[in-house]
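Participant: Count along the sequence shown starting at 1, add 1, and that's the number in this note's numbering.
Hints listed in this document are in silico derivations from the structure and should not be mistaken for laboratory results.
We treat Cβ as the ideally placed atom computed from N, Cα and C, and that holds for glycine.
Hints are supplied without guarantee of correctness; some may be wrong.
[To be verified] Cross-link-like lysine to any residue pairs, in silico, SDA-like; alpha carbons within 25 Å at most:
{"no.": "1", "residue 1": "K214", "residue 2": "L164"}
{"no.": "2", "residue 1": "K53", "residue 2": "S150"}
{"no.": "3", "residue 1": "K214", "residue 2": "V113"}
{"no.": "4", "residue 1": "K53", "residue 2": "V113"}
{"no.": "5", "residue 1": "K214", "residue 2": "A190"}
{"no.": "6", "residue 1": "K214", "residue 2": "A188"}
[Claimed, not checked] Label-pair ranges, simulated between beta-carbon atoms:
{"no.": "7", "residue 1": "Q292", "residue 2": "Q257", "range": "40 to 50 Å"}
{"no.": "8", "residue 1": "L164", "residue 2": "S276", "range": "21 to 31 Å"}
{"no.": "9", "residue 1": "P85", "residue 2": "E288", "range": "44 to 54 Å"}
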Amino acid sequence: MDSPARRNVYSRCRAPHGSATGAPLVTQTPVDLHALARRIRRHVVRMVFEAKSGHIGGSLSATDILTVLYASVLRHDPQRPDWPARDRFVMSKGHCTPVQYAVLAEFGYLPVEELATFRRAGSRLQGHSVLGRPPGAENSAGSLGMGLSFGLGIQLAARVQGLDIHSYVLMGDGEQDEGQVWEAAMAAAHHRAGGLVALIDRNGIQNDDFTAKTMSTEPLDEKYRAFGWTVRAGVDGHDLDAIVEALRWARDVRGQPTCVIFDTIKGKGVSFMQSNPAFHGAPPTPEQFEQAMRELADGADGS
2 MDSPARRNVY SRCRAPHGSA TGAPLVTQTP VDLHALARRI RRHVVRMVFE AKSGHIGGSL
62 SATDILTVLY ASVLRHDPQR PDWPARDRFV MSKGHCTPVQ YAVLAEFGYL PVEELATFRR
122 AGSRLQGHSV LGRPPGAENS AGSLGMGLSF GLGIQLAARV QGLDIHSYVL MGDGEQDEGQ
182 VWEAAMAAAH HRAGGLVALI DRNGIQNDDF TAKTMSTEPL DEKYRAFGWT VRAGVDGHDL
242 DAIVEALRWA RDVRGQPTCV IFDTIKGKGV SFMQSNPAFH GAPPTPEQFE QAMRELADGA
302 DGS
């Protein structure tokens with residue numbers, strides 16, 4: 002039996018236009034998730050290369066997670082980015098805006114051509130996102146560790162407003178060093194914040210070294226469980242079918258916050274960037290850019 006990713010089909014949930022809180026309308030649209038993820042990776046590499054700055058490694062490690070989230074799980078409508086009953090995606094590892102902007106462009110929140118303005122003066126696409134700039138950016142990012150608090154606040158507000166939504170918060174494993182993460186984790190469990198989903202991109206590198214050397218936070222799964230969360234760990238963050246299954250599992254948990262820990266490779270998709278701390282925040286040279294684009298070309302990986 003073909004996998005969902007290979008069947009070239011995904012579901013995107015929308016509310017019917019004219020309804021603020023009506024039941025979502027599930028639409029089926031042909032797409033090849035593998036090809037989409039490669040295209041998003043090419044956007045990421047080009048954006049950072051042309052801007053001569055940006056965080057490329059962590060963007061590439063999170064590409065498959067965000068591709069699946071927006072294509073198959075997140076309830077959203079690019080035609081109405083402020084729809085009250087939409088699910089929220091919070092980019093807590095806010096330096097990884099290249100992949101966030103590339104995903105938003107591919108799903109119709111902004112023109113793909115606008116990606117060429119990344120990090121330029123006057124552009125909406127800055128190194129860290131700003132709420133509403135571009136449409137679909139649900140939080141202003143900066144210092145690490147804030148996103149889980151944002152997501153918790155969104156879920157508690159939704160409870161007061163009677164909205165049945167989910168907030169998905171993407172964090173890095175190095176980000177788990179931040180004390181605010183654990184304050185939010187404790188508060189989320191106390192308030193039984195169902196619908197809050199922490200997505201941890203465990204690529205093993207933070208800034209210019211490996212997390213195990215800088216300050217290990219393992220075992221992450223046991224720590225989140227100790228704080229009262231429902232946890233799924235060890236998910237292959239580059240297996241699209243495994244990501245689909247894990248995200249849908251998290252979406253279906255009720256009454257308490259959930260955490261999915263993805264095992265990923267920093268710089269995934271580009272051989273010389275993979276597991277290389279040097280490409281946390283360094284742009285590729287012209288020669289490296291050409292090699293990366295060849296490796297990310299459609300069909301280059303045999304798919």
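Participant: Does each hint fit the structure? Answer for all of them.
Facilitator: Results of checking the hints against the structure:
1. A distance of roughly 43 Å separates the Cα atoms of K214 and L164; the hinted pair therefore is violated under the 25 Å criterion.
2. For the hint pairing K53 with S150, the CA-to-CA distance comes to about 32 Å; that exceeds 25 Å, so the pair is violated.
3. Straight-line distance between C-alpha atoms of K214 and V113 comes to about 38 Å, which puts the hinted pair past the 25 Å bound.
4. A threshold of 25 Å between alpha carbons decides the hint, and for K53 with V113 the separation of about 19 Å falls inside it, so the pair holds.
5. This hinted pair does not check out: K214 and A190 have alpha carbons roughly 30 Å apart, beyond 25 Å.
6. Between K214 and A188 the CA atoms are separated by roughly 29 Å; this puts the pair beyond 25 Å, and the hint is violated.
7. Between Q292 and Q257 the beta carbons are some 46 Å apart, a value that agrees with the proposed interval 40 to 50 Å.
8. The beta-carbon spacing between L164 and S276, approximately 41 Å, falls outside the hinted interval of 21 to 31 Å.
9. Taking the beta carbon of each, P85 and E288 are about 49 Å apart, inside 44 to 54 Å as hinted.
Consistency note: the structure conflicts with the earlier hints numbered 1, 2, 3, 5, 6 and 8.
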